[in-house]
Amino acid sequence: MSRNPTAWRQYRRLVSAGTLTENSGLNRFAARFSMAHQLTDVSFTNLRPEVAKGYTEGLRVALGYSALESLEAALKGQLDATSVSSVDLAGRFRHDRAGRLRLLLLENLTNKSLLGRIERLYGNPDEADVRCVAQGLRHLVFHGIFTPHGAGFDRSIQIRTFVSDLAVAMLSATDARFTQWVATHGPPLQRKP
1 MSRNPTAWRQ YRRLVSAGTL TENSGLNRFA ARFSMAHQLT DVSFTNLRPE
51 VAKGYTEGLR VALGYSALES LEAALKGQLD ATSVSSVDLA GRFRHDRAGR
101 LRLLLLENLT NKSLLGRIER LYGNPDEADV RCVAQGLRHL VFHGIFTPHG
151 AGFDRSIQIR TFVSDLAVAM LSATDARFTQ WVATHGPPLQ RKP
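Here our numbering is used: the first residue of the sequence shown is 1, the next is one more, and so on.
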């Protein structure tokens, strides 16, 4: 994945050609996508490295989810909700090691629909859409409820890795969704060998 969404150049060419109209919401999406994709480290003065890494990964998921939200808002009515399906991530979320993260989400989220999706993901081994976990983390991070300690980041490399992998899955699903939308308006994207 590059700094911008994969199909961003093709989208800009379609706008320049007059095939598509300029959409400021898509510009906002690309900026959020780029920021989430490039975020590798947030620096703090006196935090332990594992706590700082926990904040970085939490923020990266939140920004990745924000990019997906902005894409769907910009293309309202043109896209169904985007699934972030991963059997691996869903299984890791159900594992005992993710208990503190699950508890943090279940105790602090108030949206009943979101809570229901998280409970369904946890309780149903056939469920693989982890978008709800990213959505919940976005809420906790941006509303100041999230702490690495509360989520188990400071003690568990498995949790930090899970959230890092969730951010990658969010960005990949978002990128694929945008690429799919652009492809419906122009020639297929030509990838360089």
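Be aware that a few hints might be false.
[Unchecked claim] Computed beta-carbon distance windows for the label pairs: (1) 24 - 96: 44 to 50 Å; (2) 46 - 120: 37 to 43 Å; (3) 116 - 51: 49 to 55 Å; (4) 17 - 113: 39 to 45 Å; (5) 106 - 27: 32 to 38 Å; (6) 69 - 186: 21 to 27 Å; (7) 119 - 3: 32 to 38 Å; (8) 107 - 47: 19 to 25 Å.
Think of the hints as simulated: they come from the structure by calculation, not from any bench.
Note that the coordinates shown come from a computational prediction; the quantities given were computed from them, not determined experimentally.
Note that beta-carbon positions come from the ideal geometry of N, C-alpha and C, so glycine has one too.
Going through the hints against the structure:
A hinted range of 44 to 50 Å for the beta carbons of residue 24 and residue 96 is consistent with their spacing of about 45 Å. As the Cβ distance of residue 46 to residue 120 is approximately 40 Å, the hint placing it in 37 to 43 Å holds. Separated by about 31 Å at the C-beta atoms, residue 116 and residue 51 break the suggested range of 49 to 55 Å. The hint said 39 to 45 Å for the Cβ distance between residue 17 and residue 113, and at roughly 41 Å that hint holds.
Between residue 106 and residue 27 the Cβ separation comes to about 36 Å, which falls inside the hinted range of 32 to 38 Å. With their beta carbons about 25 Å apart, residue 69 and residue 186 fall inside the hinted range of 21 to 27 Å. Hint check: residue 119 to residue 3, Cβ distance near 37 Å, so the stated range 32 to 38 Å holds. Checked against the hint of 19 to 25 Å, the pair residue 107 and residue 47 passes, with Cβ atoms roughly 24 Å apart.
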